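Given the coordinates of chain G, assemble chain C onto it according to the supplied hints.
Here's the letter readout for the chains.
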Amino acid sequence: MLDQSYYQKADEIIAFYGKKPSSLIPVMQDIQGVYRYLPGELLTYIAKEIGVKEAKAYSVATFYENFSFEQKGKYVIKVCDGTACHVRKSAAILDAFMKELGLSDKKHTTDDMLFTVETVSCLGACGLAPTCTVNDEVHPNMTPEKVVGLITELRGEC
Amino acid sequence: MGFMIIDGRKVEFTDEKNILTVIRKAGIDVPTLCYHSELSTFGACRLCTVEDDRGRTFASCSEEPRDGMVIYTNSEKVRKYRKLIVELLLAAHCRDCTTCIKSGECVLQELAHRLGVKKVRFQNTREERPLDFSSPAIVRDPNKCILCGNCVRVCDEIQGIGAIDFAYRGTDAMVMPAFDRQIAETDCVNCGQCRVFCPTGAITIRTNIGEVWKALADKDTRVVAQIAPAVRVAAGDAFGLPKGENAMGKIVAALHRMGFDEVFDTSYSADLTIMEESAEFLKRLEKGENLPLLTSCCPAWVKFVQDQFPDYKENISTCRSPQQMFSAVIKEYYRNPEHAEGKKTVVVSIMPCTAKKMEAERPNSYTKGEKDTDIVITTTELTRMIRTAGIALDKIEVESCDMPFGIASGAGVIFGVTGGVTEAVIRRLVPGHGNAVMDSIAEAGMRGEEGIKEFSITYEGKELNICVASGLANARKVMEQVQSGEKQYHLIEIMACRRGCIMGGGQPIPAGPRHKEARAKGLYRADGNMAIKKCTENPLMDVFYNGEDFKGKAHELLHNPF
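One line per chain: the protein sequences are G and C, in this order. So for the first sequence, our numbering puts the first residue at 1; every next one is plus one. So for the second sequence, our numbering puts the first residue at 1; every next one is plus one.
Note that these hints are calculated values from the structure, not bench results. All values derive from a computational prediction rather than experimental measurement. Think of the CB as a built atom: it goes at the ideal place given N, C-alpha and C, for glycine as much as any other residue. Just to be clear, a hint being listed does not mean it is correct.
To be verified - Not the full set, but computed from the structure, chain C residues with beta-carbon under 8 Å of chain G: (1) Leu84; (2) Asp156; (3) Glu157; (4) Gly162; (5) Phe166; (6) Ala167; (7) Tyr168; (8) Pro177; (9) Pro337.
Said to hold, decoys possible - Facing chain C, from chain G, some residues (calculated, C-beta under 7 Å): (10) Arg36; (11) Lys53; (12) Glu54; (13) Ala55; (14) Tyr58; (15) Thr62; (16) Phe63.
Okay, chain G solo, but in the shape it has when bound:
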């Protein structure tokens, strides 16, 4: 069960965009903006409120990679695997992150809810390849060694 505050927040956001089917995506985005994920119960709730069938809302939420039903860590690390990064060995960067944080193909978030590691197809910073972002802050010319340093640094911050 979600805390009541989640529903209140959802009500606020829905009120801002209006109770209409076309509000679905902006409402979902804002909720994910607040909580860093889209709680399933909340999706059911907003679908009902704005008059969209639950299955349709689920369809939209699963269509876009951007929406996540799983809670994400405090630091969301996106490793670029676009063409430029890929040829400059981004796979090794991803491996380094996973190894350092004990993550795998199936497990994307650390148990302490600090880190989530994802891949993205292109960050548009090909000149800085291989690259990654931490909560939208770009880190250029990554190496496996720099990965270890970055994690240590982020851990130190909290």
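The following block gives chain C in isolation, referenced to the frame of chain G:
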């Protein structure tokens, strides 16, 4: 308005919404998997691809006809495309055709055959998914889904439920309920229209044939069948009988041959329904409470009201549906040891409907702690049984229903088509019997295939507003207008399936537009052939209400306990 050249021949078009319709009207059967004239155009399967005079190819379902167009429907290029599309679909599809329940009715199978796909060169890389057996009405097999979206659109657009939709995308795309739940955990009303529109075996009827054969094989069991009105105009389809022909006598004969001990016509209990429902209606009119009266014959509709308009639960007629009334009456009759003759009774209900399977399981479908309807099979399952038994339905001589419940009125028979219940109620209310009276009732406005019909009749100086609708999306419209106070009715008849039970979720599938008309006509013709036009004239009503067997039991047997 204009002319097109299709395969070198000049073809006129008027207001057709797409080229596909023009092509089909010209007598060319361009294949499709995702196109349905009653649903929105989806353009997903691309099988209706045609070529124009500049070598451009496009999906004919999604293109408006223009004057002077030159179209080729059977060019080398188009044939190659279509064949490849089917080959690719088959690559990600289970290919156990011989054991698939849909075999012989599967559009994908037919097209593979028709387009000459002899070999599938690609490997199936799709992950195998579990089947969904959660519903009493349908079975979902995601491994046979080709993502045409027909089920998604019919559920949303025609039925207004939206229980299933696409999820994920690209090669991961699948059709499923929200959060990959089981279908029984959704708002699904079990109408089975998804199964009617599914071109493959991805959604099929949950079959209960095995239980029927088992009961028939047991010497100590009396197997009693009741046959719903709409079954008689569809069961003949699979045996080459003319579309919409009333095959009731042949069905009865076939059931007798299969070993059914007694065969009855649900139209009999439709008469009981009208006796009870009219009385209830008049009582409510007098007291002015719980109006509009909502009909309770259609279980999908009843579930729809309970789920979506709970404020109107009290408006639903307390009458059981004809199926449940009849089963309760049959069970009660054989509770008398004199009639039982030491045998156990199993009631098999033969319905055009998948939701009836759910209705039979409902907690209020029990009398004296006993389940009233033991087994429900659909028309489609009935034809499978007749085939298994090797009975040639087209050749068998007709037989009539058994007594003591073998007489029904024409009013009971037309229950199978939208507006039928209303017409039967009005026949009961209006005095007189003659053709002129019947004709004037028939013209009041309840007949015809429009989704929502409204009309008024005058009864004892009072004007009664009546609404007849079919398709749950239409039902939602009606209910929303009632809720907002915009419309005021005294009686609302809803059938969940468009055009009523004749197009129910359990009926044989290949039903083109002319089929629908033929089935409705078949029922009206059956009514026309009957001497007894209304329930009050059915001599068995007097036997029921005043005879020894059921005296004083009417309320217990014919109304829902809660």
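Q: Would you settle whether the hint for C:Tyr168 is holds or violated, based on the nearest Cβ-Cβ distance to chain G being less than 8 Å?
A: Holds - the Cβ of C:Tyr168 comes within 8 Å of chain G, reaching about 5 Å at its closest.
Check your understanding: Taking the closest Cβ pair, is C:Phe166 under 8 Å from chain G?
Key -> OK, holds: C:Phe166 within 8 Å of chain G, min 5 Å.
Does the CB of C:Pro337 sit less than 8 Å away from some CB of chain G?
52 Å, violated
Hint check, C:Gly162 versus chain G [nearest Cβ-Cβ separation less than 8 Å] = 3 Å, holds
*Holds or violated: is there a CB of chain C closer than 7 Å to the CB of G:Phe63?*
With Cβ-Cβ at 5 Å, under 7 Å, it holds.
Tell me if the interface restraint on C:Glu157 is satisfied: Cβ within less than 8 Å of some Cβ in chain G. At 11 Å from the nearest chain G Cβ, C:Glu157 fails the 8 Å test, so the hint is violated.
Hint validity - G:Thr62 Cβ closer than 7 Å to any chain C Cβ = 5 Å, holds
Regarding the hint that G:Ala55 lies at the interface with chain C, is the smallest CB-CB distance below 7 Å? OK, holds: G:Ala55 within 7 Å of chain C, min 4 Å.
Q: For the hint on C:Ala167, just tell me whether its beta-carbon gets within less than 8 Å of chain G.
A: 5 Å, holds
*asked:* Would the hint on G:Tyr58 be counted as holding, given a Cβ-Cβ threshold of 7 Å to chain C?
replied: It holds, given that the least Cβ distance between G:Tyr58 and chain C is near 4 Å, below 7 Å.
| With 7 Å as the cut and Cβ atoms as the points, is G:Glu54 at the interface with chain C? | 4 Å, holds
Quick check on C:Leu84 please, does its C-beta sit within 8 Å of some C-beta on chain G?
26 Å, violated
Hints 1, 3, 9, 10, counting from the list given before, are not met by this structure.
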